[in-house]
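Trainee: What follows is each chain in one-letter form.
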Amino acid sequence: NAGVTQTPKFQVLKTGQSMTLQCAQDMNHEYMSWYRQDPGMGLRLIHYSVGAGITDQGEVPNGYNVSRSTTEDFPLRLLSAAPSQTSVYFCASSFNGGGETQYFGPGTRLLVL
Amino acid sequence: EDQVTQSPEALRLQEGESSSLNCSYTVSGLRGLFWYRQDPGKGPEFLFTLYSAGEEKEKERLKATLTKKESFLHITAPKPEDSATYLCAVQTFQGAQKLVFGQGTRLTINP
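If you're matching them up, the sequences are chains A and B in order. Every number in the working numbering is 1 more than the matching position in the first sequence, counting from 1. Every number in the working numbering is 81 more than the matching position in the second sequence, counting from 1.
Bound-form chain B, shown alone (with noise of 0.2 Å):
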């Protein structure tokens, strides 16, 4: 059975304080490994495909890299804006049209 989990549950930074964001996953045949950003009241929204391991992908102050095992979603000095749940999924080559997401990890940013 596929199976996804994310740590920490929750993250409480400080403004300017990096740090990193983890996702385990066991899968068979591993087509692609997603993070998505999800405010409040409001639905997924994409930020990155992973592919295949070695793998990295940057958007602003978010770094997204990938093992055979997990994936780490890396945040530098990140803002306020920063503050959301952010969501793992992974998408195998068996179940192409099915995601299976992690639990999510909530992340506050203190200004």
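Looking at chain A on its own, in the form it has when it is part of the complex (with noise of 0.2 Å):
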């Protein structure tokens, strides 16, 4: 099993470009969220999903979008980029939501200019 794997490992955009940060897991968990890690202020939920065409916002969705066509991948939009938004994102997979079954995977760092 390759676990949780993250494209990609790190990314430099320009104010105002769009990309998109992509996620895959292969253990066939129904739950997957997005986490961005800035420092000194912990891991902040962006968006999940607890199965194949259903998500749900987290604690900051602004300025990102995602979708679930596929159990195994969950991919997470930026459409246009701010300086605001540089940070590290981790994304996560659990089979049943909870902390005691999250996998992580290494995560995508990206700087806007």
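Hints may contain errors.
As the list claims (entries may be wrong) - To give a feel for the contact side, a few chain A residues facing chain B, derived at Cβ under 10 Å: (1) G43; (2) S50; (3) C92.
Calculated from the structure, these hints are not laboratory results. Cβ atoms here follow ideal geometry from the backbone N, Cα and C, with glycine treated the same way.
Assemble the dimeric complex from its two separately framed chains, guided by the hints.
Mentor: Structural data, given as structure tokens:
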């Protein structure tokens, strides 16, 4: 099992550009989430999904879109990047949504100039 | 609003010097409190779950405890390989799919 994979590992964007952060898992988990990690603020939930076709907003959803067309994939879209979106992004998956079963990906470091 | 606060922000110890990390929380209806370890450039890795006050969990040199207001991660006789950032998170019954994280404690163990 590859677990949770994220691409790219690192990306530089200019303000106003769009991009998609990819997340995939091969554990057949129903629950998937996106977090951002900023210095001094811990991880904050952006969006989450409880199954294919079902998504919901987390704590900091503004500026981000998600969709879940398959169980395996949960991409995060930035439609018009802003410097405030400079952060490290982590994708996580879980078979039951519980904190004890969360598997995190290696992260994507995003710099918006 | 659910809140989690960790202290200290950073802790530097000598090898073998025991200490504790603190996680204070304010939530409505705690489903579980979780400790994770995060190494530089990697995602968090699950360590412990605590569900009710008085519960304790142990793994090697780490022991996690829980009261109604806070959790402690005790590190006994640490080694340099215990150096990492330790994250605390809570999950409530109302937000069952959501984790609320603290800021983390960056632990450095000097040989």
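Trainee: Given G43(A) was flagged as interface, is its beta-carbon under 10 Å from a beta-carbon of chain B?
Mentor: 4 Å, holds
Trainee: Hint S50(A) vs chain B: min CB-CB distance below 10 Å?
Mentor: 9 Å, holds
Trainee: For the hint on C92(A), does the least C-beta distance to chain B fall short of 10 Å?
Mentor: Holds, because the Cβ-Cβ distance from C92(A) to chain B comes to roughly 8 Å (cut-off 10 Å).
The structure meets every hint from the earlier list without exception.
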